[in-house]
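Heads up: the protein sequence lines correspond to chains A and B, in order.
At the far end of the first sequence sits residue 696, using the numbering used here, and the numbering has no gaps.
At the far end of the second sequence sits residue 450, using the numbering used here, and the numbering has no gaps.
Any given hint could be a false lead.
Unchecked claim - Listed next, the in silico SDA-like pairs over lysine to any residue satisfying Cα-Cα at most 20 Å (straight line): (1) A:LYS468 / A:VAL491; (2) B:LYS59 / A:ARG556; (3) A:LYS426 / A:GLY483; (4) A:LYS361 / B:HIS322; (5) B:LYS59 / A:GLU560; (6) A:LYS564 / B:THR227; (7) A:LYS567 / A:ILE358; (8) B:LYS263 / B:GLY229; (9) A:LYS564 / B:GLY229; (10) B:LYS255 / B:LYS59; (11) A:LYS564 / B:GLN318; (12) A:LYS567 / B:ASP55; (13) B:LYS73 / A:PHE494; (14) B:LYS73 / A:GLU496; (15) A:LYS468 / B:GLY92; (16) A:LYS361 / A:LEU641; (17) A:LYS567 / A:ARG556; (18) B:LYS271 / A:GLU496; (19) B:LYS29 / B:LEU15; (20) B:LYS255 / A:GLN469; (21) B:LYS59 / B:ASN111; (22) A:LYS468 / A:PRO423; (23) A:LYS426 / B:GLY92; (24) B:LYS186 / B:LEU126; (25) B:LYS255 / B:VAL91; (26) B:LYS255 / B:GLY303; (27) A:LYS380 / B:ARG197; (28) B:LYS59 / A:ARG568; (29) A:LYS607 / A:ILE358; (30) A:LYS564 / B:MET113; (31) B:LYS73 / A:GLY471; (32) A:LYS468 / B:VAL91; (33) A:LYS607 / A:ARG687.
Hint data in this document are derived by calculation from the structure and do not stem from the laboratory.
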Amino acid sequence: MSELRNTNRVMFWRILRRLLAANRGRLFVMLLALGAGAAVTAALLNLQIDAKRRLTTEFRAFGPNVVVVPKGSLSSSSETLPQSIIDSVPANVPSGRVTALSALYLVASVSVPPSGKPGSAVVAGINPLFFATAYPAAHPNRSVTPSGNACVAGVRFAKQLGVRPDGELVVATGDRRESCRVASFLETGGSEDNRLEIDLRAAQRLADLPDRISMIELTVPGTPGEIQNYIVDLQLRIPDAEVRPVRQFTEGEAKVYKRISGLLTATVGIVLLLTALCVMTAMSNVAIERKMDVGLMKAIGGATRRVVRLFLAEAALLGLAGGVVGAALGILLSIGLGEAVFGVAARPRLIVYPVAVGLTVLVAILSAFPLRRLASIRPASVFRGEA
Amino acid sequence: MFLRLVADSFGRRPRHKLLTGAALALGMGVATAALSVALDVGDRLAKEFRSLGANLVITPKADSLPLEIGGVDYRPVNVGAYLPEADLPKLKTIFWHNNIMGFAPIVEVRGEALPRVLNDGGARPGNWIADVPIIGTWADHAVPLPEGGEFRTGVAKTNPWWRIDGRWFSEGAKECVVGVAFAKRNHIHIADSVSLAIGDLTVIPAPLTVTGILTSGGPEDASIVVPLSYAQSLARKPGEYRKLYVSALTKPEDAFARKDAKTMTPAEFDRWYCTPYISSIALQIQEELPGTDVRVIRRVAEGEGQILTHVEMLLWLVTLAAMLAAALAVGASSAASVMERQAEIGLMKALGAGSGTVGLLLAAEQLLLAFVGGGIGYALGIILARLLGERIFGAAPEPTLLVFLVVIGLAAVVTLLGSAIPLRRASRIEPAPILRGE
Numbered sequence: 310m311s312e313l314r315n316t317n318r319v320m321f322w323r324i325l326r327r328l329l330a331a332n333r334g335r336l337f338v339m340l341l342a343l344g345a346g347a348a349v350t351a352a353l354l355n356l357q358i359d360a361k362r363r364l365t366t367e368f369r370a371f372g373p374n375v376v377v378v379p380k381g382s383l384s385s386s387s388e389t390l391p392q393s394i395i396d397s398v399p400a401n402v403p404s405g406r407v408t409a410l411s412a413l414y415l416v417a418s419v420s421v422p423p424s425g426k427p428g429s430a431v432v433a434g435i436n437p438l439f440f441a442t443a444y445p446a447a448h449p450n451r452s453v454t455p456s457g458n459a460c461v462a463g464v465r466f467a468k469q470l471g472v473r474p475d476g477e478l479v480v481a482t483g484d485r486r487e488s489c490r491v492a493s494f495l496e497t498g499g500s501e502d503n504r505l506e507i508d509l510r511a512a513q514r515l516a517d518l519p520d521r522i523s524m525i526e527l528t529v530p531g532t533p534g535e536i537q538n539y540i541v542d543l544q545l546r547i548p549d550a551e552v553r554p555v556r557q558f559t560e561g562e563a564k565v566y567k568r569i570s571g572l573l574t575a576t577v578g579i580v581l582l583l584t585a586l587c588v589m590t591a592m593s594n595v596a597i598e599r600k601m602d603v604g605l606m607k608a609i610g611g612a613t614r615r616v617v618r619l620f621l622a623e624a625a626l627l628g629l630a631g632g633v634v635g636a637a638l639g640i641l642l643s644i645g646l647g648e649a650v651f652g653v654a655a656r657p658r659l660i661v662y663p664v665a666v667g668l669t670v671l672v673a674i675l676s677a678f679p680l681r682r683l684a685s686i687r688p689a690s691v692f693r694g695e696a
Numbered sequence: 013m014f015l016r017l018v019a020d021s022f023g024r025r026p027r028h029k030l031l032t033g034a035a036l037a038l039g040m041g042v043a044t045a046a047l048s049v050a051l052d053v054g055d056r057l058a059k060e061f062r063s064l065g066a067n068l069v070i071t072p073k074a075d076s077l078p079l080e081i082g083g084v085d086y087r088p089v090n091v092g093a094y095l096p097e098a099d100l101p102k103l104k105t106i107f108w109h110n111n112i113m114g115f116a117p118i119v120e121v122r123g124e125a126l127p128r129v130l131n132d133g134g135a136r137p138g139n140w141i142a143d144v145p146i147i148g149t150w151a152d153h154a155v156p157l158p159e160g161g162e163f164r165t166g167v168a169k170t171n172p173w174w175r176i177d178g179r180w181f182s183e184g185a186k187e188c189v190v191g192v193a194f195a196k197r198n199h200i201h202i203a204d205s206v207s208l209a210i211g212d213l214t215v216i217p218a219p220l221t222v223t224g225i226l227t228s229g230g231p232e233d234a235s236i237v238v239p240l241s242y243a244q245s246l247a248r249k250p251g252e253y254r255k256l257y258v259s260a261l262t263k264p265e266d267a268f269a270r271k272d273a274k275t276m277t278p279a280e281f282d283r284w285y286c287t288p289y290i291s292s293i294a295l296q297i298q299e300e301l302p303g304t305d306v307r308v309i310r311r312v313a314e315g316e317g318q319i320l321t322h323v324e325m326l327l328w329l330v331t332l333a334a335m336l337a338a339a340l341a342v343g344a345s346s347a348a349s350v351m352e353r354q355a356e357i358g359l360m361k362a363l364g365a366g367s368g369t370v371g372l373l374l375a376a377e378q379l380l381l382a383f384v385g386g387g388i389g390y391a392l393g394i395i396l397a398r399l400l401g402e403r404i405f406g407a408a409p410e411p412t413l414l415v416f417l418v419v420i421g422l423a424a425v426v427t428l429l430g431s432a433i434p435l436r437r438a439s440r441i442e443p444a445p446i447l448r449g450e
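Only chain A is shown next, with the shape it has when bound in the complex:
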């Protein structure tokens, strides 16, 4: 009995091999359709997972989205925070690293030596703290930050005072004086255009406020939810200061993120669904050509169940082969695509591979479904050439 079953199994595989090898063209067409489907599935799934994560880091382009200010000071600039508060700011979030910039603002009289008439202007002492290494600039458009003797002049400030690049500036409050050299100009369209940025320590000496700062600007990467959690967490760590989101950007980002991720999910979903349907129709087209084979098998005594099982096994095998090759190609493709879009190669997700292969096998088996109808074929009519 077991020997009979054994022979059956050997025969089953032999027929399967013959079915596959019988028509090389057909085999190629089926593998092409399945492989293409698998490749697109894997590429899109991988890209979609990666793109959503990447999108949140893209929002860095908007610059700081969270500020820390002295409690209750929304307009009055006289209140300050201790500089040590920056040590309580967590540097890591799930999506990356936080960049911070602490600043002290004061109004001082600025003059261009030797002859320049002094004019009062806002002077910001800036101390960028780069937690991050991947993104060198805490601000967009900020290539140079003030340090030591070098300062950065806003474009309107520079125009008003007639500041020349590399020129010398004297900043004074009362009898305290500091001098600096203009290292670069800054144009943001915001209040930075109207002010002079100098080293934080120089500003602290000018204002006679050692180790004090007016505010900290933070650029927190992450989804809107992650940023919200970060704010709540930070507020608990520094109860003496006030942590506020920059609502213009946090709300705008949240809206845009929702739209883009919805768009991606929907597009990818529809493309995957239609690709599956498309592959299925292409496969079915091949499958209904199998009348002769089925007719012959039934004529020599094949039970319907066994015949169907044979064809389903063939489809699954083809799906597996097409899926294994196609999904691998697709993941490679998505790595290249990620590099093209975001400049950084998409990290391949291992989970994508089995999912894509599994989906391909499923589609292949589903597309062998029309074969069920072949079960009702009457062998005699096939051979008479009627059907």
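Given the structure of chain A, go ahead and fit chain B onto it with the hints provided.
Just chain B now, kept in the frame of chain A:
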């Protein structure tokens, strides 16, 4: 005879043709939907990004340096230059006037406030609060357009992240909106009132009714927002403003947009001028409003441009992948349909048909199928794109002729390519063995 053969082939094998047609229609449906969405997404997202608010700021050219700390200008009202409010309708006459989504002029002054808090039915006057930032602007202002009609705009358009509990003040009425921090500190609620004055405190001016509480997350939370005309009369600058925010719909800047306009050839300049880049819109505004300094708020404009470019690219890649998959599946399907017809081809050749005639006949069949399938697929794809667009952006993309042509062209090319390889093999067949059934 040729047409009869083609018609006969469709009539004889309807299921076959139906399946190949279905594969075609589905494939082309994917291509149409993805293409329509990708073509449309730039405009839609650009609109979405306007929730970040103004991307241009306009100030007087002759202005003195603002002493701005934490968003508050510490200059006295009579220092610096102002601009005439009467010029503002000109903003809607520039070349890209349809891309100006909103604008709001601002007058900022610092003054004294005297809140009158309603308490147990009676109004209780408090004390004067010194040094309160007062912002005069438009909430929902009707700007008459030169060509007739009006354009409603205001700070709600340029700063859409401002949240109002209650309602905005109405223009002309003695009403105001109070920042949430200011309201909290002075225990002011909606329906209370505030008197505002600068300098002379001997005469208490008529109070403004508080209609709403403003939450902006910025320095405005500590200020009082009043109608523009009221702030102008406080500052004694009737019909003038100091700062103008403009929210414009723009195209992300590319390498061409960053070229210096002064070094462009006339043809290049025309192209630049007629593209809604933020820099060309800024130039057009500057031409209409003389004596102004139009600056791009880089943080908004560049962040937006960068993200928009990346998302568009991503979507094009998805589209490309979808089209590729559709093309391969359709190609495979048509290859299969030709491959199965070796016997038929053998018979035709035995009856004296040349390889060319056979190829032509099959190509005609495939093309007919491509046009029908592609057409159905296009319709299918348009419906899908509409559903997608409406779900995500609340607006459906317009069907364009371009997409139709691309899809039909793609269908034709793919089916022909798909059938070309099996056809070449078929043309090499000897008719005799096929007819013998070997």
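Comparing the hints with the structure gives:
A threshold of 20 Å between alpha carbons decides the hint, and for LYS468 (chain A) with VAL491 (chain A) the separation of about 13 Å falls inside it, so the pair holds. With a C-alpha separation of about 18 Å, the suggested pairing of LYS59 (chain B) with ARG556 (chain A) holds against the 20 Å cut-off. For a cut-off of 20 Å, the pair hint linking LYS426 (chain A) to GLY483 (chain A) stands: about 16 Å separates their Cα positions. For a cut-off of 20 Å, the pair hint linking LYS361 (chain A) to HIS322 (chain B) stands: about 12 Å separates their Cα positions.
Straight-line distance between C-alpha atoms of LYS59 (chain B) and GLU560 (chain A) comes to about 15 Å, which keeps the hinted pair within the 20 Å bound. A hinted pair counts as satisfied when its Cα atoms are at most 20 Å apart, and LYS564 (chain A) with THR227 (chain B) qualifies at roughly 18 Å. Note on LYS567 (chain A) and ILE358 (chain A): the hinted pairing holds, with a Cα-Cα distance of about 15 Å set against a maximum of 20 Å. Only pairs whose Cα atoms come within 20 Å are accepted, and LYS263 (chain B) paired with GLY229 (chain B) is rejected, the gap being roughly 29 Å.
At most 20 Å may separate the alpha-carbon atoms for a hinted pair to count; LYS564 (chain A) and GLY229 (chain B) meet this at roughly 17 Å. Between LYS255 (chain B) and LYS59 (chain B) the alpha-carbon distance is near 24 Å, which puts this suggested pair outside the 20 Å criterion. For the suggested pair LYS564 (chain A) and GLN318 (chain B), the alpha carbons sit about 17 Å apart, so the restraint of at most 20 Å is met. A C-alpha spacing of about 17 Å is found between LYS567 (chain A) and ASP55 (chain B), which places the hinted pair at or below 20 Å, so the restraint holds.
Of the supplied pair hints, the one linking LYS73 (chain B) and PHE494 (chain A) holds, its CA atoms being roughly 19 Å apart against a limit of 20 Å. As the CA atoms of LYS73 (chain B) and GLU496 (chain A) are separated by approximately 16 Å, the hinted pair is consistent with the 20 Å bound. For the proposed pair LYS468 (chain A) and GLY92 (chain B), the alpha carbon gap of about 15 Å is at most 20 Å, so the pair holds. For the hint pairing LYS361 (chain A) with LEU641 (chain A), the CA-to-CA distance comes to about 19 Å; that is within 20 Å, so the pair holds.
For the hint pairing LYS567 (chain A) with ARG556 (chain A), the CA-to-CA distance comes to about 16 Å; that is within 20 Å, so the pair holds. Taking the CA atoms of LYS271 (chain B) and GLU496 (chain A), the gap is about 17 Å. The hint holds against a cut of 20 Å. Proximity of LYS29 (chain B) to LEU15 (chain B) is assessed by CA-CA distance (about 16 Å); at most 20 Å being required, the pair is judged to hold. Of the pairs offered as hints, the one joining LYS255 (chain B) and GLN469 (chain A) holds, with about 18 Å between alpha carbons and a cut-off of 20 Å not exceeded.
Straight-line distance between C-alpha atoms of LYS59 (chain B) and ASN111 (chain B) comes to about 10 Å, which keeps the hinted pair within the 20 Å bound. Annotation: proposed proximity of LYS468 (chain A) to PRO423 (chain A) holds, straight-line Cα distance about 17 Å (limit 20 Å). Of the pairs offered as hints, the one joining LYS426 (chain A) and GLY92 (chain B) holds, with about 18 Å between alpha carbons and a cut-off of 20 Å not exceeded. Taking the CA atoms of LYS186 (chain B) and LEU126 (chain B), the gap is near 15 Å; set against the 20 Å cutoff, the hint holds.
This hinted pair checks out: LYS255 (chain B) and VAL91 (chain B) have alpha carbons roughly 14 Å apart, not beyond 20 Å. Under the criterion of a C-alpha separation no larger than 20 Å, the hint pairing LYS255 (chain B) with GLY303 (chain B) is consistent with the structure, at around 13 Å. With a C-alpha separation of about 13 Å, the suggested pairing of LYS380 (chain A) with ARG197 (chain B) holds against the 20 Å cut-off. At roughly 11 Å between alpha-carbon atoms, LYS59 (chain B) and ARG568 (chain A) fall within 20 Å of each other, so this suggested pair holds.
For the hint pairing LYS607 (chain A) with ILE358 (chain A), the CA-to-CA distance comes to about 48 Å; that exceeds 20 Å, so the pair is violated. A hinted pair counts as satisfied when its Cα atoms are at most 20 Å apart, and LYS564 (chain A) with MET113 (chain B) qualifies at roughly 18 Å. Distance check on the hinted pair: LYS73 (chain B) and GLY471 (chain A) sit about 15 Å apart at the alpha-carbon level, within 20 Å; holds. A C-alpha spacing of about 18 Å is found between LYS468 (chain A) and VAL91 (chain B), which places the hinted pair at or below 20 Å, so the restraint holds.
Between LYS607 (chain A) and ARG687 (chain A), the direct Cα distance comes to roughly 8 Å. Compliance with the 20 Å bound is thereby established for this hinted pair.
In this structure, the earlier hints numbered 8, 10 and 29 are contradicted, and the remaining ones agree with it.
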